[in-house]
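Using the hints, position chain B against chain A.
Number of protein chains: 2
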Amino acid sequence: MINIGIVGYGNLGKSCEALVNDTSDMKLVGIFSRRDIKKDKFYKLDRILDFKDEIDVLILCGSSDKDITVQGPNLIENFNTVDSFDTHKKVYEYHHLMDKKAREAGRLALISTGWDPGLFSIIRTYGEAILEKGQTYTFWGKGISQGHSAAVRNIDGISDASQYTVPKDAVVEKVRNNEDIAFSPEMAHIRQVYAVKEEGYDQENLEKRIKTIPNYFDKYETHVNFISKEELEKNHKGMPHGGRVIRNGKSPSGNHSTMEFSLDLENNPDFTAAIDVAYARAVYKMNKEKISGALTVLDVPPKYLINKDYEALLKENI
Amino acid sequence: MINIGIVGYGNLGKSCEALVNDTSDMKLVGIFSRRDIKKDKFYKLDRILDFKDEIDVLILCGSSDKDITVQGPNLIENFNTVDSFDTHKKVYEYHHLMDKKAREAGRLALISTGWDPGLFSIIRTYGEAILEKGQTYTFWGKGISQGHSAAVRNIDGISDASQYTVPKDAVVEKVRNNEDIAFSPEMAHIRQVYAVKEEGYDQENLEKRIKTIPNYFDKYETHVNFISKEELEKNHKGMPHGGRVIRNGKSPSGNHSTMEFSLDLENNPDFTAAIDVAYARAVYKMNKEKISGALTVLDVPPKYLINKDYEALLKENI
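As you go down the protein sequences, you meet chains A and B in turn. Just so we're aligned, residue 0 is where the first sequence starts under numbering that gives the first Met the number 0, counting upward by one. Just so we're aligned, residue 0 is where the second sequence starts under numbering that gives the first Met the number 0, counting upward by one.
One or more of the hints may lead you astray.
In this list, chains with the same sequence are indistinguishable; a pair is considered to hold if it fits within one copy or across any two.
Claimed, not checked - With a Cα cut of at most 27 Å, we get these calculated DSSO-like pairs of lysine-lysine: (1) K26 <-> K132; (2) K13 <-> K249; (3) K99 <-> K284; (4) K99 <-> K289; (5) K207 <-> K233; (6) K99 <-> K287; (7) K289 <-> K307; (8) K173 <-> K141; (9) K26 <-> K307; (10) K13 <-> K141; (11) K132 <-> K236; (12) K65 <-> K99; (13) K26 <-> K249; (14) K88 <-> K65; (15) K141 <-> K167; (16) K196 <-> K207; (17) K307 <-> K89; (18) K314 <-> K100; (19) K236 <-> K249; (20) K141 <-> K210; (21) K307 <-> K13; (22) K314 <-> K89; (23) K43 <-> K13; (24) K314 <-> K65; (25) K314 <-> K88; (26) K43 <-> K100; (27) K249 <-> K233.
Simulated from the structure, these hints should not be mistaken for lab results. On a predicted model such as this, the values are computed, not experimentally measured, just so you know.
For reference, chain A alone in the conformation it holds in the complex (with noise of 0.2 Å):
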């Protein structure tokens, strides 16, 4: 049995908690939060250390931005751990921080996982090395963006909003279909807002700034629905998402080949703690293997993923 730690318990904590509760090898130790949780299994986080020899993986499900940096240098010197820090920008810096501290201590940060980064960096990776000469396109939704919606309700008159980013069927086509197009987020996604406005304020108006928003709009084909709070509540209040990443390349002779993943998800976060869940198992293996500093998904070899002996997976999964 593989024994779980579980730091942070917001959406993703609580669909790693009832996913490893639900894996075959692997055991939930304990679920850490800065609040006092008075149930079973829940411990405040500056208790950890207590459990140090008890952990074989932690994960950690915190804010990129918040937890994850901090949290993460602080627990490798007695953990082992898996997070989905997910700031592209800084991950170089990131990973820096993460691999001195944890070769020191003998212990596997695997971080940057779940699936953007994760799962689509590894589809990055495989399509550029096969088709060297090529292009890859990312493709994000239909799906809610976290950032985007705050953004809206930001906006002063506006009492809640949800916002959809829906790559546009026509560009993912053309993709398909190798035509030579000057591609960039902006031109390959809609931005679909749904607000619930505040009595008093002017429908135009406000839709004229929400479409402003510098970076987050600007510069999109956005759609703005004005809808009552009980309709926000009942049909845009999920956490579905998904994308896609194409790559295209030509060989010497001229022939276009085209590699294409994509994911269509109900609810973000789990899908999200399965992708985690499933690192989790791999730092446990490799880090048994001696194995130490910091790893991302592209340092991990397919096999350590799965619960699954090497002859099975001769036998059943090649």
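Just chain B now, kept in the frame of chain A:
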């Protein structure tokens, strides 16, 4: 520079030759064939030991049944190898054979790469590891199956033929929508035959004979089209192929996730060569790190496939 040798000069060998010559970190040392080809860099296979110290990795491009199982065990004593051994049922046995010899010689054999087995094996493994409670579906095509085409050509009265394996769109849709279906390759694919009839044979009778070939056609929805030799040559002698792997799973709270990977290839040997070449790079790097034995794609971390240093991967691919 990684020094590459190619064994076998059929379609795959030719695609590898062109690609290695077009790849910036590789150099083609020689092409080894049983035939005596009078061209620069071509050598008879029995001279290959002369190149033992010049070649880093050999790509074996012969057929699975007749060539690779004989050549692999002989060559691994003196060379690192990559092959596309694709008889799924014999991978375990072949791995065992190669592993022992490779370990003894300190060489590395990467067996059974390509797209199925190969990339599809990787996706099946990621899918099963991440969505443990779920189901995997593999579709092949639209593409030409050499084996099925040959089976049709073997019929007395057929002078030439091409057979396309075509996945049924309706079944793909059902799988994507998580419908509960009794899936089998037979119910998920159509076999589309284009055949050229010899004079004096009865068309209806030939069609019946094709449709009843055991295993190849008898359990499939098969469509037979008799066409002219000219039309077959013009429209059905390419080597397109492709396929898709879909993994559906359900989280403990009942949320569905779908992972889908698909390939759309204008030329099957060109794409298989691209995979072989990327894995030749991985074999070179891993053997430099003193890794020996027989490996499959499930043993290889994605980072080894690409011609890019680790720092750049962290910055650009994660």
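Tested hints:
In this assembly of identical chains, the alpha carbons of K26 and K132 lie at most 27 Å apart only when taken from different copies (17 Å versus 45 Å within one copy). Taking the shortest Cα distances, K13 and K249 sit within 27 Å of each other only across copies (16 Å), while inside one copy they are farther apart (44 Å). With identical chains, the CA atoms of K99 and K284 are at most 27 Å apart both within one copy (20 Å) and between copies (23 Å). Proximity of K99 and K289 under a CA criterion of 27 Å is satisfied in both settings, with 16 Å inside one chain copy and 24 Å between copies.
For the identical chains of this complex, K207 and K233 are intra-copy neighbours only, at 26 Å inside a copy versus 57 Å across copies, given an alpha-carbon limit of 27 Å. For the identical chains of this complex, K99 and K287 are neighbours both inside a copy (19 Å) and across copies (24 Å), given an alpha-carbon limit of 27 Å. Taking the closest pair of Cα atoms, K289 and K307 come within 27 Å of each other both inside a single copy (20 Å) and across two copies (26 Å). Taking the shortest Cα distances, K173 and K141 sit within 27 Å of each other both inside one copy (18 Å) and across copies (19 Å).
For the homomeric pair K26 and K307, the shortest alpha-carbon distance inside one copy (17 Å) is at most 27 Å, but the shortest distance between copies (38 Å) is not. In this assembly of identical chains, K13 and K141 lie within 27 Å of each other by CA distance solely inside one copy; the values are 23 Å within and 42 Å between copies. In this assembly of identical chains, the alpha carbons of K132 and K236 lie at most 27 Å apart only when taken from different copies (26 Å versus 42 Å within one copy). Taking CA atoms no more than 27 Å apart as the test, K65 paired with K99 passes inside one copy only; the shortest distance there is 21 Å, against 50 Å between copies.
In this homomeric assembly, K26 and K249 come within 27 Å of each other (Cα to Cα) only across copies, at 20 Å, whereas the closest approach inside a single copy is 47 Å. For the identical chains of this complex, K88 and K65 are intra-copy neighbours only, at 16 Å inside a copy versus 50 Å across copies, given an alpha-carbon limit of 27 Å. For the homomeric pair K141 and K167, the shortest alpha-carbon distances inside one copy (10 Å) and between copies (25 Å) are both at most 27 Å. In this homomeric assembly, K196 and K207 come within 27 Å of each other (Cα to Cα) only inside a single copy, at 13 Å, whereas the closest approach across copies is 68 Å.
In this homomeric assembly, K307 and K89 come within 27 Å of each other (Cα to Cα) only across copies, at 19 Å, whereas the closest approach inside a single copy is 34 Å. Taking the closest pair of Cα atoms, K314 and K100 come within 27 Å of each other only across two copies (20 Å); inside a single copy the shortest separation is 39 Å, beyond that limit. Taking the shortest Cα distances, K236 and K249 sit within 27 Å of each other only across copies (20 Å), while inside one copy they are farther apart (42 Å). Taking CA atoms no more than 27 Å apart as the test, K141 paired with K210 passes inside one copy only; the shortest distance there is 19 Å, against 43 Å between copies.
When the C-alpha separation of K307 and K13 is checked against a cutoff of 27 Å, the pair qualifies only within one copy, where the shortest distance is 26 Å, while the shortest distance between copies is 37 Å. Proximity of K314 and K89 under a CA criterion of 27 Å is satisfied inter-copy only: 8 Å between copies versus 40 Å inside one chain copy. In the homo-oligomer, the alpha carbons of K43 and K13 lie at most 27 Å apart inside one protomer (16 Å), although the nearest pairing across protomers, at 63 Å, exceeds that limit. With identical chains, the CA atoms of K314 and K65 are at most 27 Å apart between copies only, with a shortest distance of 21 Å across copies and 45 Å within one.
Proximity of K314 and K88 under a CA criterion of 27 Å is satisfied inter-copy only: 7 Å between copies versus 40 Å inside one chain copy. Only within a single protomer do K43 and K100 lie at most 27 Å apart by alpha-carbon distance; the minimum there is 24 Å, versus 54 Å between protomers. Proximity of K249 and K233 under a CA criterion of 27 Å is satisfied inter-copy only: 22 Å between copies versus 47 Å inside one chain copy.
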